[in-house]
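Novice: Construct the complete structure from the given sequences, taking the supplied hints into account.
So the protein lines, in turn, are chains A and B. Positions in the first sequence are counted from 1; adding 1122 to them yields the numbering used here. Positions in the second sequence are counted from 1; adding 16 to them yields the numbering used here.
Calculated directly from the structure, the hints in this document are not laboratory data. Yeah, the Cβ is synthetic: ideal placement off N, Cα and C, and Gly gets one too. The reader is advised that the hints may include incorrect statements.
[As the list claims (entries may be wrong)] Only part of the chain A face toward chain B is listed, based on derived beta-carbon distances under 10 Å: (1) Ile1158; (2) Met1159; (3) Asp1196; (4) His1244; (5) Lys1275; (6) Thr1510.
The primary structure of each chain is shown beneath.
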Amino acid sequence: MGHTLIEKVFGRKVGREVKPGDIITVDVDWCMIDDIMAPFAISKFEEMGFSKVWDPNKVVLIYDHFVPATQVDDSRHFRVADAFAEKYGVKNVHRTDGICHQLMTEAGYVKPGDIAFGTDSHTVTYGCVGAFSTGIGYTEMAGILGTGQLWVKVPESIKVVVDGTLPKNVTSKDVILRVIGDLTASGATYQSLEFSGSCIENMSVASRMTMSNMAVEAGAKCGIFVPDQKTCDYCNIDYSDEIKELYPDEDAVYSRVLHYQAEDLVPVMACPSLVDNIKPVSEIKGTKVDEVFLGSCTNGRLEDLQLAAKILKGKHVAPYLKFIVTPASRKIYLEALRDGTLEILSDAGAIITTPGCGLCCGRAGGILSDHEVVVATNNRNFLGRMGTSKVQIYLASPASAAATAIAGEITEAPLDLF
Amino acid sequence: MSNTFTAKIWVLGDDIDTDIILPTEYLALKSVEDMKPYAFSPLRPELAGLIQPGDMIVAGKNFGCGSSREQAPEVVKALGISCIVAKSYARIFFRNAINNGLLLIENQELRDVVTEGELAKVTPGEKIEYMGKTYEIANLPDNLMEILNAGGLVKAMRKRNGLD
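Specialist: Listed below in structure tokens is the structure:
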């Protein structure tokens, strides 16, 4: 019997064939600790009685949720993490470079076939390069810091096939929102989402990241793509024979197969306050909007900013509307600065902020108040996520977000803009 | 894990996410004790103050979905919740709860029949008795029982490191 992609990744790691349901112990290639969770993971690590980190070169500390600090106690997290890095010889520390999930592949850590764990649920993002990665709590992270290992149950897989060419105002964000709507917020719990099809093959790694990032919103343990030439170019490695072996067998067994024809897909949004409450933008068109947020580990990449700039060029956001743009990393910020994207966005009235988690986790500039409406490109519209529990959050693609910012009400990007 | 206990029931719905269990703004408070008053505040601001040690939560599907914040199961445990009975759990919450020694029980039927404030009798790994009816419950896999029996992952690791 054949194997799914995730079974191959795990099988190679443990040196034998694995099947769904097997409980295996894996050696960890990378662990990522963010600033919110660092003090908690560190204190558990010390409580466990470890005297050294198993391999300091495999540990990456990233400060992003609290950068720059917005509350007086935030900087304590940086101090505690800095002291830990110093004491245990952890050299990979990113203090102001951007969002953890952007940096773990962008800065050259996670590669195809790797196994990575992080203290944040959107750690699933690294599936975009054909790695297994998932979020864990700080106690488990403490255990990894000491032992370099963690147990995993080999998941069943759901195959998501997208063939064809997307309409120009439909992005990979619309695709993953549609998938989550069809699966529901718990439809992929404990399972691996495996993406394939001609539309997926033609997508940039950045677009794939948007999809792997949101796999967890359907409850999935990971969202994984077959690594290809594009992946290897992005990771700055050779497309080696070893990497070419990471693909699912023809006769692999899936718990479920979803098939989409890209031409049939339309711009959609996740409506308040559930990620699986998906509606076509045409159905909610006209809803007045107070703020638009373009950014996050879901959609804060260069192609997202460029797409928004294309729509906003020579136009201006609605007079009362706040349009907040947060590039996912310093690298992206600089690229968008140099190619003129930020200038177009700023001319259009955008408030451009420093790279980081910012508004997405409800801690930085742009917090909303009761009954206000925000259209946002991030990944969660839970109650209270971006302000009070009476804020209405709509999750959207960068294209829909930009078009909405101009109109001041929910709208989709017209096709003739491109 | 064969100690039977009786607990008062608090009823919650489907998809109780970790931002509801503990909103992001309280994650950086210095201790779980400081976080306790804010548990479930976006949904039911009064709930944390009403929960008494030993009470239980009965909820729908996908309990604990959302972020990986371990403060979520820790704060539930700190409120004295004896166990959660839900139709299903999100995977990170599930692992975090076990690692903190918080008992989770999966049951499809109970949520649809219980009334808040009533009592249920729980025998872990065996059954729940409610209003004269018995609901069977499964045991957890061995590797998880080892962690639960050690009293959580920190204690299991301390033992491994020869400290306890």
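Novice: All hints are to be evaluated individually against the structure, with a verdict given for each.
Specialist: Here is what the structure says about each hint:
1. Ile1158: holds, 6 Å
2. Met1159: Since chain B brings a Cβ to about 8 Å from A:Met1159, closer than 10 Å, the hint holds.
3. Asp1196: A:Asp1196 check passes; min Cβ-Cβ to chain B is 7 Å, inside 10 Å.
4. His1244: Holds, about 8 Å.
5. Lys1275: Since chain B brings a Cβ to about 8 Å from A:Lys1275, closer than 10 Å, the hint holds.
6. Thr1510: holds, 9 Å
In summary, the structure agrees with every hint in the numbered list given earlier.
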